[in-house]
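A.B. asks: Residue-level listing of the chains:
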Amino acid sequence: MLNRYPAWKNALIFLVVLLGLLYSVPNLYPDDEAIQISSELSPLTEFDIERATTALEAAQLNFFGAAINDESLLVRLDSVEDQLRAKTALENAFGPDYIIALNLAPTTPAWMQSIGAGKMNLGLDLQGGVHFLMEVDMDAAIERRMEDNLSNVRSILREERIRSRGLTLVDSTHLEIRFATSDDRSAARSALITNFPELQLQNSESGDFFVLDMRMTQDVILQIQRDTIQANRTTLINRVDALGVSEPTVQQQGANRIVVELPGVQDPAQAIRILQRIATLEFHLEAELGASSLSYEAFDYQGLSINVNNDVILQGDRISNVRSSLDQNGLPQVQISLDAQGGNQINRVTRDNVGRLMDILLIETKSRTNTTIDAEGNEVDEVEFYEEKRLISHARINSALGRQFVITGLSSREANDLSLLISSGSLAAPMTIVEQSVIGPSMGQENLDQGIRGVQVAAALVILFMLFYYRVFGLAANIALIMNILLIFAVMSSIIPATLTLPGIVGIVLTVGMAVDANVLIFTRIREEIAEGSSPQRAIDAGYDRAFTTILDANLTTFLVAMVLFTIGSGPVKGFAITLMIGIITSMFTAIVGTRALINLIYGGRKVEALSIGTIPPRTEALTVED
Amino acid sequence: MLSKQYNFMGVRRAAAMGSLLLVLISLGSLATRGLDFGLDFTSGTSVRLNFSESVAIGEVNTALAEGGYNDAVVVSFGSDRDIRIILPVDESVAEADQASQAVRVGETITALLASSTAADITLEGSDYVSAKVGTELAEQGGLGMLVALGIIMVYIAVRFQFKFSVGAVVALAHDLIITLGLFSVFGMEFNLNTLAAMLAIIGYSLNDTIVVSDRIRENFRRLRSGSPADMVNVSLNQTLGRTIITSFTTLLVLVSILLVGGESTQGFAIALIIGVVVGTYSSIYIASNVILMMNVTREDLMIPIKEGSELDDIP
Numbered sequence: 001m002l003n004r005y006p007a008w009k010n011a012l013i014f015l016v017v018l019l020g021l022l023y024s025v026p027n028l029y030p031d032d033e034a035i036q037i038s039s040e041l042s043p044l045t046e047f048d049i050e051r052a053t054t055a056l057e058a059a060q061l062n063f064f065g066a067a068i069n070d071e072s073l074l075v076r077l078d079s080v081e082d083q084l085r086a087k088t089a090l091e092n093a094f095g096p097d098y099i100i101a102l103n104l105a106p107t108t109p110a111w112m113q114s115i116g117a118g119k120m121n122l123g124l125d126l127q128g129g130v131h132f133l134m135e136v137d138m139d140a141a142i143e144r145r146m147e148d149n150l151s152n153v154r155s156i157l158r159e160e161r162i163r164s165r166g167l168t169l170v171d172s173t174h175l176e177i178r179f180a181t182s183d184d185r186s187a188a189r190s191a192l193i194t195n196f197p198e199l200q201l202q203n204s205e206s207g208d209f210f211v212l213d214m215r216m217t218q219d220v221i222l223q224i225q226r227d228t229i230q231a232n233r234t235t236l237i238n239r240v241d242a243l244g245v246s247e248p249t250v251q252q253q254g255a256n257r258i259v260v261e262l263p264g265v266q267d268p269a270q271a272i273r274i275l276q277r278i279a280t281l282e283f284h285l286e287a288e289l290g291a292s293s294l295s296y297e298a299f300d301y302q303g304l305s306i307n308v309n310n311d312v313i314l315q316g317d318r319i320s321n322v323r324s325s326l327d328q329n330g331l332p333q334v335q336i337s338l339d340a341q342g343g344n345q346i347n348r349v350t351r352d353n354v355g356r357l358m359d360i361l362l363i364e365t366k367s368r369t370n371t372t373i374d375a376e377g378n379e380v381d382e383v384e385f386y387e388e389k390r391l392i393s394h395a396r397i398n399s400a401l402g403r404q405f406v407i408t409g410l411s412s413r414e415a416n417d418l419s420l421l422i423s424s425g426s427l428a429a430p431m432t433i434v435e436q437s438v439i440g441p442s443m444g445q446e447n448l449d450q451g452i453r454g455v456q457v458a459a460a461l462v463i464l465f466m467l468f469y470y471r472v473f474g475l476a477a478n479i480a481l482i483m484n485i486l487l488i489f490a491v492m493s494s495i496i497p498a499t500l501t502l503p504g505i506v507g508i509v510l511t512v513g514m515a516v517d518a519n520v521l522i523f524t525r526i527r528e529e530i531a532e533g534s535s536p537q538r539a540i541d542a543g544y545d546r547a548f549t550t551i552l553d554a555n556l557t558t559f560l561v562a563m564v565l566f567t568i569g570s571g572p573v574k575g576f577a578i579t580l581m582i583g584i585i586t587s588m589f590t591a592i593v594g595t596r597a598l599i600n601l602i603y604g605g606r607k608v609e610a611l612s613i614g615t616i617p618p619r620t621e622a623l624t625v626e627d
Numbered sequence: 001m002l003s004k005q006y007n008f009m010g011v012r013r014a015a016a017m018g019s020l021l022l023v024l025i026s027l028g029s030l031a032t033r034g035l036d037f038g039l040d041f042t043s044g045t046s047v048r049l050n051f052s053e054s055v056a057i058g059e060v061n062t063a064l065a066e067g068g069y070n071d072a073v074v075v076s077f078g079s080d081r082d083i084r085i086i087l088p089v090d091e092s093v094a095e096a097d098q099a100s101q102a103v104r105v106g107e108t109i110t111a112l113l114a115s116s117t118a119a120d121i122t123l124e125g126s127d128y129v130s131a132k133v134g135t136e137l138a139e140q141g142g143l144g145m146l147v148a149l150g151i152i153m154v155y156i157a158v159r160f161q162f163k164f165s166v167g168a169v170v171a172l173a174h175d176l177i178i179t180l181g182l183f184s185v186f187g188m189e190f191n192l193n194t195l196a197a198m199l200a201i202i203g204y205s206l207n208d209t210i211v212v213s214d215r216i217r218e219n220f221r222r223l224r225s226g227s228p229a230d231m232v233n234v235s236l237n238q239t240l241g242r243t244i245i246t247s248f249t250t251l252l253v254l255v256s257i258l259l260v261g262g263e264s265t266q267g268f269a270i271a272l273i274i275g276v277v278v279g280t281y282s283s284i285y286i287a288s289n290v291i292l293m294m295n296v297t298r299e300d301l302m303i304p305i306k307e308g309s310e311l312d313d314i315p
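Going down the list, the sequences are from chains A and B.
Number 528 in full-length UniProt numbering belongs to position 528 of the first sequence; there are no gaps in the numbering.
Number 24 in full-length UniProt numbering belongs to position 24 of the second sequence; there are no gaps in the numbering.
Treat the hints as calculated values from the structure; they're not laboratory data.
Model, not experiment: these values are computed from the prediction.
Honestly, I wouldn't trust all of these hints.
Claimed, not checked - Chain A residues, not near chain B, derived (Cβ > 12 Å throughout):
#1 Leu15
#2 Ala67
#3 Arg546
#4 Arg606
Claimed, not checked - One side of the interface only, derived from the structure: several residues of chain B facing chain A at Cβ under 10 Å:
#5 Met17
#6 Leu21
#7 Leu143
#8 Ala148
#9 Asn193
#10 Ala197
#11 Phe248
For glycine and all other residues, C-beta sits at the position ideal for the given N, C-alpha and C.
Using the sequences and the hints given, assemble the complete structure.
C.D. replies: Pasting the structure below:
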């Protein structure tokens, strides 16, 4: 028995070790504290660097690496204290039109970034930041879709010249159309059925009327909910980008909530200002002169009172893209792109209404808390959503519009504002912040430092103990242990971009404690084999062999537990589960294959008299139990 | 320490009684005293203050403690002139009044701090933090534990034998109940970190139990004579060295987290230290005891015929 690994196996282990080292090294480069200055109005220029320099010098602050990057200005500073002071100084110098955000700037060399070797994402508890939990108002999304259907039904009936005796929205998923005759209803049914595959049609009678009920199926409702949360998430990501945060998280949580985490951001008020512009858009026609006062609502627009027809001709969620640009004559304009259905919808309406004015309403949802007294006389707080509508565009329809159209006749400032307002309003449903938390930078840094120190002290103690107790074998286990930590870091930094949180660090530390377990099992077996009289080479082989099933069983069951936690849990539970899973896989590799390779290198392929594995226990007699 | 053979199973009835007593005390305390839930689960108040000049967090802490707010946590908030004070829920106030209470607390704290500093203080806001999310997490955690226990039972039943899965799950439940019970008895705060620790205890305790069960299975198959109690005893003695060393290294790690890991991980470390100690004990006395109580026999663990050749390899 030679106890030698083939060359390819050693090479493979070496390669894994090398990759582990390469991909965990970027974590050693600390980020610089930085301030990011940006503006929604115009990109920053060299002039702004000078303005920032003057302000920072006046405040007697050390700074470096001021550079313009993607239209925003980044200034690096020495410490968190300097960063906070610099923020105050820059806010005074630049005024309210600029966004001054705290940030972190990476210092990793470019070549490492190019091979995808990056730093591990740190959770908010480790680097500070703001956390928001936003709840999406799903009922509003469904009701809005139904209102959209209602106006489509109306225009189709008009086109087909079918007279109805009333269209009503019974509830958010149910639409009712009344007809005078059964023939009208049949005609309507055949005209509508192909256009509304998502609605179920059903005939009923009510008094003298023939009623056609259109209902949304449960599948469609679920689909809308999925689409809605996705659309809201996308819009949030765009808004968060405007904040210039380095590693934002925008994740769905549960069926109707979205978590927004803005690491490094210390001014939640700024973030709320941008995130809470919760808004949706509606396109309407201006009411015709002499129309019934019930069919329109009056809005203020640049000092004029405009009557806006109640029918929604297009919802904001049909907008796929919006931007302000210059036309061929160099005049500012806002370009709007719609999806296919939106294109059809707006075409149908506008081709018959060329020359009329089209209005865009921005509907911002806000919430307020009302206190009421319930039956038992207790005060009950209820959060109520209310809408604030604003007319943001009032423009003449010059021709039938299609999937792409432009709004012209604006100043460049107006075009810019309008495109921002429209994009902020292309949300599928209103959202409210239901939870908000801020973790200060010093607290995050303290958590991180203490976590790292915990890992260091723990690893040092375990390493000393293993060396003392298992000698040369302990040394092999220790090298495997360090490799294991490196591999966990490498996997978390690059392969699975997981976020390291405080519970995650504890997960790693725990892996340090438990990873040596596999080696303890193996080495105890080897000692037993020697006690029973096996030769050193045979003892090594048998020890690894027999301990393997035990290690596999123990690790597999723990892995199953971690998987359950990962699937069901969220937040800290998930963070803990992920490091545990990664740790189990890497520790199986390093503790079994890694130490075996080392032991083979030390003892394999030669005649060995004795193993340096610490005290060998006396032979255990099978059934000599002391009573 | 490894040369002696201990008769663990000789005291198994006493151990069972002791464990039963501990479990009953734990359940009793959980039922009467309950757990001291942290802000994650209980809701809480957060107050934001702006100072006209730089403020030292230490001084605010002192002033708050003097004013009777011992539980207040102060963090910097955006700049060196802003702070945020987090307070646990005031138990004496009715639940429905908490939100309005939060506003009053904000005003009281502002007045209190204003008297201790020369700076002007502005109350920028006070809000009530909902525990909805934390409660959901706790429910998920509880559900996770149950699902995990179920899957473990199935896995062990397939890999070992049904009696072993009962043993392992009883040991897990024993560890979780006693750890939670100690948190309840000593009034230590139970937060999301401690919840994660409970989940880690499942993993650790299981690991220990599997190693012992593995040895019991092996000895039942290998040794020709001896009563089931003897088999278990031999197995426990053979794995004792490993059990002690692994528990020792894990405890080394946990004690270092407790001492240098800072306040945020203390609860986690304490929960795990309790869990590891109880888990080590339960893998020796509880899992094996249950297996014996269920009358485990050699036939339960015999290898199916097709794998029979494996026996020949054993010298």
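A.B. asks: Now tell me if each hint is right for this structure.
C.D. replies: Against the structure, the hints:
no.: 1; hint: Leu15; verdict: holds (29 Å)
no.: 2; hint: Ala67; verdict: holds (24 Å)
no.: 3; hint: Arg546; verdict: violated (8 Å)
no.: 4; hint: Arg606; verdict: holds (24 Å)
no.: 5; hint: Met17; verdict: violated (20 Å)
no.: 6; hint: Leu21; verdict: violated (25 Å)
no.: 7; hint: Leu143; verdict: holds (6 Å)
no.: 8; hint: Ala148; verdict: holds (4 Å)
no.: 9; hint: Asn193; verdict: holds (6 Å)
no.: 10; hint: Ala197; verdict: holds (8 Å)
no.: 11; hint: Phe248; verdict: holds (7 Å)
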